[in-house]
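In order, the protein sequences belong to chains A and B. Note that the first sequence covers residues 874 to 1024 in the numbering used here. Note that the second sequence covers residues 874 to 1024 in the numbering used here.
No lab work stands behind these hints, which were simulated from the structure alone. Here the structure is a predicted model, which is why all the values come from computation and not from measurement. Treat each hint with caution, since some may be false.
Since copy identity is lost for identical chains, a pair holds within one copy or between any two.
[What the hints assert, rightly or not] SDA-like, lysine to any residue: derived pairs with alpha carbons at most 20 Å apart:
1. 980 to 1009
2. 981 to 908
3. 924 to 970
4. 980 to 877
5. 940 to 930
Protein chains: 2
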Amino acid sequence: MRITRYTDYSLRVLLFVALKDKQISTIGEIADAYGISKNHLRKVVHELSVKGYLMANRGKNGGMYLKGRPEDINIGVLVRDLEPDLEIVECFGDGQGCVLTPACDLKKAFHNALQAFFDCLEKYTLADLLPAENRPQMVRLLGMPSLFSPG
Amino acid sequence: MRITRYTDYSLRVLLFVALKDKQISTIGEIADAYGISKNHLRKVVHELSVKGYLMANRGKNGGMYLKGRPEDINIGVLVRDLEPDLEIVECFGDGQGCVLTPACDLKKAFHNALQAFFDCLEKYTLADLLPAENRPQMVRLLGMPSLFSPG
């Protein structure tokens, strides 16, 4: 049971971009910071832009920044929006997969469990994942020394 | 985000076997009832037997029945036991995947969400998924007419 790599990378991009705040971020620096491929990131950034999370410009002087405020991006809503497949069991689909579906309470059990999962994630916004006390270490880990230079 | 087919099939096998109660079940009839391959089921039944959920005998007159009582098989504990990968995000692993892991609260958010998911599944036992009012329909859907014949 895993979220997709696409959702994982999307979360990383949004954390990076939110940390840089008003400064523009590029695919190159995000790829370098996390050690992931630019090609994967291009797709991720494009879709985050289409979905309204990022303002992104292509081209040589292109880059991106967060479209809204980190406190307005709910992590539960975001993950629901990004995950392409939330049919945690086959019977969440059209029910053609399992002959037992019309009389089986397993579907209800998994439905409730998935709801509890998202209820929990919905307690967090992107801002909650970037608390002031973590920011200096996050910036250092991502190689953004200029942001929090003393003075 | 999905459970594996292996966990899915395991749940179906346990429901079938629990419905037949003291009557022995065979891989052939389970395969026929659900329309899934015997080869997949052999592996599933073998592992359920190794893990202590089933008593299974191989061979021409082989078959299986539930080792314990349906009310003692907790669905949350069962799914945790069966799922080979509960690293819902990469940072649940050895933390080598993402440079941000040491300072990132996303791991905590997903950890809490996964806990909420299993807390919910743990409210159900196998017996809860086989309530008396559903049994006649389940038996019919699985093609076990002899079990609940009138009189």
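Taking the hints in turn, this is what the structure says about them:
no.	hint	verdict
1	980 to 1009	between (44 Å within a copy, 18 Å between copies)
2	981 to 908	neither (40 Å within a copy, 22 Å between copies)
3	924 to 970	neither (31 Å within a copy, 26 Å between copies)
4	980 to 877	between (22 Å within a copy, 15 Å between copies)
5	940 to 930	within (12 Å within a copy, 61 Å between copies)
Consistency note: the structure conflicts with the earlier hints numbered 2 and 3.
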